[in-house]
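S.K.: One-letter residues, chain by chain:
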Amino acid sequence: MARALITVPKAPRRGEEIEIRVLIAHPMETGHRVDATGRRVPRSLIRRFTCHYDGELVLAAELHPAVAANPYFAFYTIARDSGTLTFVWQGDDGFARTESVRIDVT
Amino acid sequence: MTGRRHALRIGAGLAAVAFTRRAAAAPDTLAGAIAAFTGGAPATAGGVRLEVAALVDNGNTVPITVSVDEALARVESVAVFNERNPERDVVRFVFGPRAARVRASTRIRLATSQKLVAVARLSDGTFRSDTVDVVVTLAACIEGEGG
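Keeping their order, the protein sequence lines are chains E and H.
Residue numbers are given in our numbering: position 52 of the first sequence equals residue 52, and the series is strictly consecutive.
Whatever position you read off the second sequence (first residue = 1), add 106 for our numbering.
There could be a bad hint or two in this list.
Label pairs and their in silico Cβ distance ranges [to be verified]: (1) H:A177 to E:V105: 37 to 47 Å; (2) H:P169 to E:T106: 29 to 39 Å; (3) E:R48 to H:A151: 28 to 38 Å; (4) H:A159 to E:E29: 22 to 32 Å; (5) H:T135 to E:R48: 46 to 56 Å; (6) E:A69 to H:D230: 17 to 27 Å; (7) H:P148 to E:G31: 29 to 39 Å; (8) E:D104 to H:A151: 40 to 50 Å; (9) H:A159 to E:R43: 20 to 30 Å; (10) E:D104 to H:T237: 40 to 50 Å; (11) H:G152 to E:D35: 41 to 51 Å; (12) E:A2 to H:A179: 20 to 30 Å; (13) H:G146 to E:D104: 25 to 35 Å.
Simulated from the structure, these hints should not be mistaken for laboratory data.
Just so it is clear, CB atoms sit at the ideal spot from N, CA and C, and this is done for glycine as well.
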């Protein structure tokens, strides 16, 4: 199972702008590389990443082979209410991963 | 008109159509990829910013950040394109209603020194762009061999 690292302030002040940073372990195989025996390494990418805050979209990203291995994203939201951030990664070969992080505003 | 001549004419016509289409929006060129994103509309320089180091040591993981001026109309999405990787698309961001501002960072691969272009689609249907030249000293491994 791919490892995902998510960094979010767990107890921000209400109305504070917070940075969300996410990284997931994935080779992002481009399909352009050739292995030592001359065979093309088949493409295997994460194609899509989304982050929702209580069901409302924060950020969606469409990934192409030029995104580096272990895709990393940093972006911002306003901690309006206590709630849940939901992160979803989807990719080739049925790759799918969902993570949630609880935020409690103070 | 003989059947053969007719067939030749049709063939020539088809070839001409294929050629002009390719010239108009070849998706394998930087301009073509941007035109495909904007639907052929022009992208005005300014208002959007693509931050990336001008000199990159390691093309395998290059930090980039896209952002836009606060004063701009609502930004729907920002796409990043490259000039000389095997494929022109890099990444596309859609900023939802809960995004605090239009700013996102990621890490990308660069096969060689080249231009990068960020294009923002605004809610009024216009496009803004920023172009950056990047020099890469160690290229991303595209053809295999080594790490």
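S.K.: Which of the numbered hints above does this structure break?
M.R.: 1, 5, 6, 12 and 13
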